[in-house]
Structures are given as C-alpha cells and as structure tokens.
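J.: So you can see what is in the structure, the chains are spelled out below.
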Amino acid sequence: MIRLVKFLIPLILFFIAVVFLFKGLYLDPHEVPSPLVGKPAPAFTAPILGKAGKTFSSEDMKGQVWLLNVWASWCGACKDEHPVLMEMAKTNKIATYGLDYKDTDADAQAVLAAEGNPYKATFTDVEGKIGIDYGVYGVPETYVIDKAGVIRYKQIGPITDEILFTKIVPLLKELEK
Amino acid sequence: MIPEIGQFALILAFCFAIVQGTLPLIGVWKNQTGLYNLAVPAARAQFVFIIISFICLDYAFYANDFSVLYVASNSNSHLPLAFRLAALWGGHEGSMLLWVTILGVWTMAVTLFAKTLPDSFRIRLISVMGMVSIGFLAFIIFTSNPFERLIPAALDGRDLNPLLQDPGMVFHPPVLYMGYVGFSVAFAFAIAALLDGRLDNAWARWTRPWTTAAWVFLTLGIAFGSKWAYYELGWGGWWFWDAVENASFMPWLVGTALMHSLAVTEKRDAFKVWTVLLSISAFSLSLLGTFLVRSGVLTSVHAFATDPGRGLFILLYLVIVIGGALLLFALRAPTVGLGEKFDVVSRESMLLANNVVLVAAAGSVLLGTLYPLLMDSLGAGKISVGPPYFDAVFVAIMAPGLFLMGLGPLARWKKTSLPEIGTRLRVAAVISVLTALLVPFAMGKITLMSAVGVFMGIWVVSTTLILLINRIKSRQVTTPNLLENIKGIPLAFYGMLLAHFGIGVFILGVTLVKGYESEQDLRMEVNDVAKVGALSFKFEGAKEIAGPNYTSSQGKFVVTSNTKEIAILHPEKRFYPVQGSVMTEADIEAGVFKDMYVSLGEPLENGAWSVRIYIKPFVQWIWAGCILMALGGILALMDRRYRIANKRLTKETQDVQEAFDA
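Protein chains in written order, with the numbering used here: chain W, 652 to 828; chain D, 4 to 665.
Certain hints may be false.
Cut-off 16 Å, straight-line C-alpha distance, at most; resulting in silico cross-link-like pairs (EDC-like, lysine to aspartate or glutamate) [what the hints assert, rightly or not]:
{"#": "1", "chain 1": "D", "residue 1": "Lys33", "chain 2": "D", "residue 2": "Asp169"}
{"#": "2", "chain 1": "W", "residue 1": "Lys780", "chain 2": "D", "residue 2": "Glu605"}
{"#": "3", "chain 1": "D", "residue 1": "Lys559", "chain 2": "D", "residue 2": "Asp531"}
{"#": "4", "chain 1": "W", "residue 1": "Lys753", "chain 2": "D", "residue 2": "Glu605"}
{"#": "5", "chain 1": "D", "residue 1": "Lys534", "chain 2": "D", "residue 2": "Asp524"}
{"#": "6", "chain 1": "W", "residue 1": "Lys753", "chain 2": "D", "residue 2": "Glu608"}
A few chain D positions that, by computed beta-carbon distances, are all more than 12 Å from chain W [claimed, not checked]:
{"#": "7", "residue": "Phe332"}
{"#": "8", "residue": "Pro337"}
{"#": "9", "residue": "Lys385"}
Below, a sample of chain W positions facing chain D; criterion: calculated Cβ distance under 10 Å [claimed, not checked]:
{"#": "10", "residue": "Leu662"}
{"#": "11", "residue": "Phe666"}
{"#": "12", "residue": "Leu678"}
{"#": "13", "residue": "Tyr770"}
{"#": "14", "residue": "Lys771"}
{"#": "15", "residue": "Ile814"}
Just so you know, the hints here were simulated from the structure itself, not pulled from any lab data.
For each residue, glycine too, the CB sits at the ideal point set by N, CA and C.
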C-alpha cells in the first residue's frame with residue numbers, strides 16, 4: 652500500500668498545480684495596484700497645449716474631482732480609447748484633462764483637430780518628467796483624483812465601456828457627494 | 004476559397020487524428036489486425052492534411068489576403084516577404100497551427116524511421132501521438148481558428164509586431180517547437196511501454212535517439228532565442244528568466260536528465276521507473292509551457308491575447324494528457340522492478356546525482372515561475388520573482404552537478420574507486436585552480452564569483468579532454484595505430500565529450516560576461532568621443548534613412564584603438580508607422596574575446612543623442628557553447644550502434660514471425 656502511494660505522488664503534485672493554474676486563469680497578472688492610489692497626486696506645473704506661454708498647476712484643481720488621462724499621438728491604444736473619452740466629454744459630468752506624454756505639440760494638436768478633443772485642457776510633458784512622478788509605464792493611463800487632491804483610482808491601459816460603467820462612474824458619484 | 008480549403012483540411016486532419024488515436028489501440032487490445040493496421044495510414048493522412056492547412060494559411064499571408072482576420076491582424080502589404088511567411092506564427096492561432104504541424108512532422112518521422120520496433124509497440128506509440136494531436140487540433144478548430152474571415156476585408160493589415168520583424172523570427176519558433184514538441188515522442192514511448200508492460204533496455208535504446216534529437220532542437224531553439232534577445236532588445240541582456248524562457252528551459256533541464264537516465268536504463272537496466280517518469284515530465288513541462296504562454300496567467304514579454312476560455316481548454320487538456328499519463332504511471336510502475344544493483348561510488352550513482360541536480364534545478368525554476376501565481380491566488384498580494392532569485396538558486400544547485408560532471412564519465416559501472424578517479428584528475432584539478440586564479444587577475448578584477456565560475460568552466464573542459472586521452476590510452480594495447488584507435492571510438496562517445504566541452508565553454512562565457520562587462524550611458528553630441536578602456540567611440544551623427552516599412556535614424560560610430568580604426572557601427576532607432584511603435588536596433592561588432600555593442604537611446608537637441616555603449620567580453624562563448632552541445636547531440640545520433648542494434652532486432656523478430664507462420 653505504502654509502495655503504491657509513492658507512485659501516486661507525481662499525480663497528486665500535478666493536481667495541486669492544476670488547482671492553482673485554474674485559479675490563475677481568473678486573475679489578471681497585468682493588474683498591478685499602483686502604490687500611488689490613496690496618496691496625494693504629485694504636484695506639477697506644465698505648459699497648456701495650444702496656449703503658448705500659459706501654464707497649468709495641479710494645485711488649481713483642489714476642490715474638484717477630475718480625471719488625468721495620459722495619452723500621446725503616437726499611441727495606438729489611445730486611438731481605441733478615444734471614442735470612450737468623447738462619450739464621457741459629451742455628458743459634461745466628467746472633467747477629463749489630458750497629459751500629452753513624450754510627444755510634439757504639432758502632432759498632438761493634429762490628432763485633436765482631426766478626431767475631436769475630449770479634454771477640458773491638455774498639458775504637455777515632452778520629456779516625460781511628470782510621467783515619471785506618476786509612475787506611468789504605458790500609455791494610455793488614467794488617474795481619478797478627488798477634491799483633496801488624492802489619487803483614488805488608476806486605470807492602466809484604455810478605458811473601456813465596461814470599466815467606465817463598473818468602476819469609474821460609481822467612484823465619481825461617490826466622490827462628488 | 005484557399006482559406007476554406009485550409010480550414011476543411013484541418014477538420015479532416017482532426018478526423019484522421021481521432022482514428023489514429025483510438026482505433027489502433029483497441030486493435031492492439033482486442034488483437035484485431037484490421038484496426039491496428041489503420042495507425043500508419045491514418046497518421047500519414049493526418050500529416051498531409053495538416054501540411055495542406057499550413058500551406059493554405061501561409062498562402063494567405065503570401066497573397067496579402069486581408070479578408071482573413073488572422074492575416075489582417077498580423078501582417079501588412081509592406082512587410083517583406085520572408086517576414087510575411089514567418090508572420091504565420093506571429094500570433095496565437097498560427098503558433099498553435101505551427102505546434103500541431105510540428106507534431107505531425109514528428110509523427111510522420113516515427114512512421115518512417117521506427118519501423119524496426121515490434122508491431123504492437125509501434126502501433127501503440129503512433130496511436131498515443133494521435134491522441135496528443137486530437138486535443139491540439141480540437142483546440143485550434145473550436146477556440147482559435149486561424150482561417151476566420153473578416154468581412155468586409157481590411158484595406159491593409161495591422162502589421163506584424165515590429166519586435167518580431169527580424170531574421171530570428173524565421174528560425175527561432177520552428178526550431179524551438181521542434182524541441183518542445185519532439186519530447187512528445189519520448190512521452191509516447193513511455194506511455195506505450197507502460198501499456199505494453201515492456202520496460203527494458205531495448206525500450207531505452209529505441210527512445211534514446213528520439214530524445215536526443217528533440218534535445219538538439221531545443222538546445223538550438225533556446226540559443227537562437229537568447230541571441231535574438233541580445234541584439235534586438237537593445238540593452239545587451241541574453242537571458243531574462245522571463246516566464247516563457249523558463250517554460251522552454253524546464254523541459255530542457257528535464258530532457259537533459261532524461262538523456263542521462265536513459266543511458267543507465269539501456270546499459271544497466273536500472274532507473275527504469277525514474278526514466279519513465281522523466282519521459283512523462285519532459286513533455287508535461289512542454290505542455291505546461293504552452294499553457295503558461297497561451298493562457299496569459301503570467302506576465303511575459305511573449306504574452307499574446309489572453310482569454311480565460313482558451314486557457315480553460317488547454318488546462319482541461321493538460322488534466323487529461325498529463326493526469327492520464329501519471330495515473331497510468333501510478334498503476335503500472337510498481338510492477339516494473341528495480342533493475343541491477345550498484346555501489347554508492349559508481350557511474351550509476353554519479354548519473355543519479357546528475358539527475359537529482361537537474362531535476363532540482365528544474366524544480367527551482369518552476370517554483371520561481373509559478374510563485375507569483377501561487378501568491379496571487381492565495382490572496383497574498385502581487386509579487387514578481389526576478390533574476391536575483393533565479394541566479395542565486397540556480398547557480399547554487401548546478402555548481403555541485405558541474406563538479407560531478409568531471410568525475411562521472413570516468414567512473415565505472417557498478418563499482419568504482421574514488422582514489423583512482425582522483426589520481427586521474429589531478430592534472431585537471433591543478434589546471435582549473437591555476438586558471439581560476441590567473442584569469443580574473445588578467446581581467447583586472449578578482450571576485451569570488453568569477454574565480455568559481457572560471458574554475459567550473461575549466462574543470463569541465465579539462466576533465467573532458469583527460470577523458471578523451473584516457474580512452475585513447477586504454478585502447479592502445481589492442482589498437483596500437485593511433486589513427487585507427489581514434490577512428491574506432493564510437494561517435495556517441497565523441498558526442499558526449501563535445502556536449503560536455505560545450506557546457507564548459509558556456510560557463511566560461513557566462514562567468515566572464517557577468518563579471519567583466521562594462522556599460523556607459525551617455526549623451527553624445529556630433530563628433531563627441533567616448534572612451535571605454537583602450538577603445539574610443541566617435542559619434543559622427545545620425546541620418547534619416549527609409550526601410551521597406553519603417554523610417555529610421557541611423558547613427559554612425561567609428562571605433563578606434565590606439566588611433567587605429569577597428570570598426571564602424573550603425574545603430575538605428577526605427578519607427579514603424581502602422582503600429583506606431585519605435586524599435587531600437589543595436590549594432591554589434593562581435594568578436595571571440597569581446598563584443599562592442601552600441602545602441603541609440605533618445606534624440607536630444609542639436610543632433611545629440613543619448614547613447615549606450617557596452618563592452619561584452621566573451622559573450623559569444625555562451626552561444627558557441629550551446630552550438631557545441633547541439634553538435635555533440637548530433638554526433639551521438641549518428642552513432643552506428645542504434646542502426647546495427649535495430650537491424651539485429653528486426654532480424655530476430657522476423658525469425659520469430661517466420662517460426663510462427665511455419
């Protein structure tokens with residue numbers, strides 16, 4: 652009997668592995684919780700796209716709930732996300748600001764002119780320094796920032812309709828209270 | 004029309020796989036010749052239809068048929084032809100088709116070359132391979148159809164991922180898959196043996212060449228991949244312990260253990276249970292690798308579309324194939340018996356130690372690879388396991404194994420004396436210790452790791468040479484003519500020497516590049532000169548050039564040593580407009596003793612660039628070592644012994660057959 656059990660060990664180990672692999676199928680390894688969630692959004696001052704000489708300071712947004720969407724003209728996934736942002740802009744209930752990441756002003760303006768501008772304003776981060784402060788590692792990324800200037804949610808990758816309705820809208824409702 | 008033919012051919016192949024995987028097994032069981040004669044024709048028909056399907060899909064790539072969704076997603080009309088044809092395996096669906104095509108190639112090879120096996124065994128073998136094929140064909144047909152139409156057709160395709168637009172893409176995946184999937188033959192041998200109750204040294208002798216062949220492909224495939232990463236990713240790394248690399252490395256480690264264990268089973272009729280378990284494990288790890296890559300449960304640079312539905316399908320398949328095999332193992336293995344006894348100090352025990360080391364190494368890689376998944380599914384948070392874990396654990400486990408590599412081949416079967424081996428290896432020990440002190444000194448920096456690494460590398464190389472000298476000396480009595488003496492030694496022995504020698508070369512390469520590489524990250528204006536040791540790199544600016552499907556900024560660097568010009572390097576920064584992505588193309592001047600490696604970072608103002616310059620000493624030895632290992636495997640495969648033994652066996656079987664008929 653003991654001899655027989657010995658030969659069952661590989662099978663038992665395999666089934667333990669299968670249990671974990673099965674669980675793994677329903678987890679998302681790409682979802683890395685940002686350490687910035689729950690912390691104050693890093694302050695920055697940046698030029699405003701299309702308004703030469705004017706700058707924007709994130710301090711000005713205190714008291715408002717807003718979205719910071721990191722995008723670029725060279726980013727393919729941003730084009731997939733663009734229609735969702737346009738829908739959000741039409742509702743007039745969500746204040747979305749753009750951060751044009753490692754891009755040229757001319758290219759960015761051309762994209763906004765051709766495809767529509769979903770942003771209240773776009774700031775430029777030509778060298779990607781603001782991106783480093785925010786821990787941007789892929790474009791697009793979106794941050795939801797509350798009235799006290801604290802990051803409450805980070806979306807890595809494009810916002811889809813599903814994420815918009817299940818995560819962002821409920822969160823915004825709560826924050827606006 | 005062509006894609007529909009491809010799809011239809013795939014469905015026919017699936018039908019033939021079902022015939023091949025079921026009826027002949029029943030035939031052997033019920034002893035019905037009619038049924039078991041179906042195995043070979045069904046296997047060959049399956050192969051033909053898979054090939055038709057493969058050609059149809061590649062034709063769609065060739066003809067830029069963007070009404071096929073898979074082609075539209077992975078190709079583009081501006082993509083050069085060679086890359087269009089290789090784009091077939093640039094995505095999920097096509098990779099699976101490549102997998103099953105290569106399984107077809109191996110099955111076909113078995114029907115052609117394994118003719119000398121006893122009938123019932125051969126039929127079971129082919130039938131088990133058919134079973135493996137059923138699952139993969141079903142997976143393609145039901146979840147990942149590469150022939151799906153896109154209506155209306157796209158005007159142009161979304162292009163192949165620019166990272167994959169490289170000659171490496173043409174060779175690396177097929178060769179790697181030949182290795183991965185090749186272990187299915189050893190797996191089928193093991194299952195057939197368990198079903199047949201025939202686990203003897205003849206079985207081991209039949210399995211050996213197939214295992215070695217798969218191992219050669221896997222070795223080359225992994226080496227190609229490593230080389231590709233080295234020049235393509237732009238920062239000079241050659242191994243990343245990425246989940247997918249590990250997925251190919253684990254079957255390699257277990258496959259290496261299997262080759263050695265098979266030798267014991269063949270020569271001494273021992274380790275039988277263990278050998279069968281390794282045969283099952285090598286292929287199981289290949290399948291696990293496929294699951295990890297395809298299901299997206301782990302993050303990886305190789306991750307494709309992730310879809311839990313597909314993952315679930317493969318997992319179910321793993322449960323049936325691996326679970327079924329291990330269940331059969333648990334039922335049948337206890338009856339196998341232990342084989343001949345051996346002493347604690349003997350070649351058997353050395354090879355057992357080799358097996359333990361290799362399996363422990365594979366286990367530590369498996370643990371590191373799956374650990375993030377374990378933690379995440381236990382709700383213990385997100386972690387990642389990186390090179391520090393793998394480097395430390397892997398090296399610590401392998402080091403004793405490498406030391407034994409020097410002793411093992413000198414030990415005798417059954418019983419050997421340690422002092423005797425010791426005397427024979429005195430010279431090797433002295434040479435290794437001396438070089439371990441001298442080489443780091445000559446390189447200008449002495450560290451423990453580099454001294455240990457050099458010792459191990461030289462130890463393996465020198466003991467291998469001593470082994471050869473010993474063998475020639477011991478034969479001198481019977482064969483005094485040196486040339487005849489050398490010619491008379493079996494090729495398999497030379498194969499082993501060459502492969503072990505390759506390991507030594509590999510270790511030296513790894514040690515020296517890890518210990519003495521240098522890196523400079525700097526900003527260079529036009530005509531700036533960077534000094535790295537005795538070398539000067541002069542940046543002569545970058546100019547715009549146009550490629551077939553990209554535009555590129557190409558820098559020019561003139562390398563001089565003592566005012567003598569020794570190389571001109573042209574690293575590039577390419578922009579691929581279809582996917583809007585930027586790629587770094589490093590330029591490398593490769594050499595025996597060092598590589599000079601330059602890559603462009605970001606453009607700065609006034610024509611200046613951020614630039615990375617690496618000097619990689621002995622890095623080419625890493626791949627040279629792998630190629631020597633593979634050549635060793637090829638030499639072993641060419642050994643006459645397998646053919647003679649097989650012929651003798653056929654003669655015997657025929658005699659028995661005739662006796663029955665008479």
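J.: Would you mind marking each hint as holding or not holding in the structure?
T.: Evaluation of the provided hints:
1. Lys33/D to Asp169/D: violated (53 Å)
2. Lys780/W to Glu605/D: holds (14 Å)
3. Lys559/D to Asp531/D: Satisfied, since the Cα-Cα distance of roughly 12 Å is no more than 16 Å.
4. Lys753/W to Glu605/D: holds (11 Å)
5. Lys534/D to Asp524/D: holds (12 Å)
6. Lys753/W to Glu608/D: holds (14 Å)
7. Phe332: Check fails; 7 Å does not lie beyond 12 Å.
8. Pro337: violated (6 Å)
9. Lys385: Given that some Cβ of chain W is not farther than 12 Å from that of Lys385/D, nearest at about 6 Å, it is violated.
10. Leu662: At 4 Å from the nearest chain D Cβ, Leu662/W passes the 10 Å test, so the hint holds.
11. Phe666: This interface hint holds because 7 Å falls under the 10 Å limit.
12. Leu678: holds (5 Å)
13. Tyr770: Violated: closest Cβ of chain D sits about 20 Å from Tyr770/W, beyond 10 Å.
14. Lys771: violated (25 Å)
15. Ile814: The hint is violated - Ile814/W has no Cβ within 10 Å of chain D, the shortest such distance being about 16 Å.
Of the numbered hints given earlier, the model fails hints 1, 7, 8, 9, 13, 14 and 15; all others are met.
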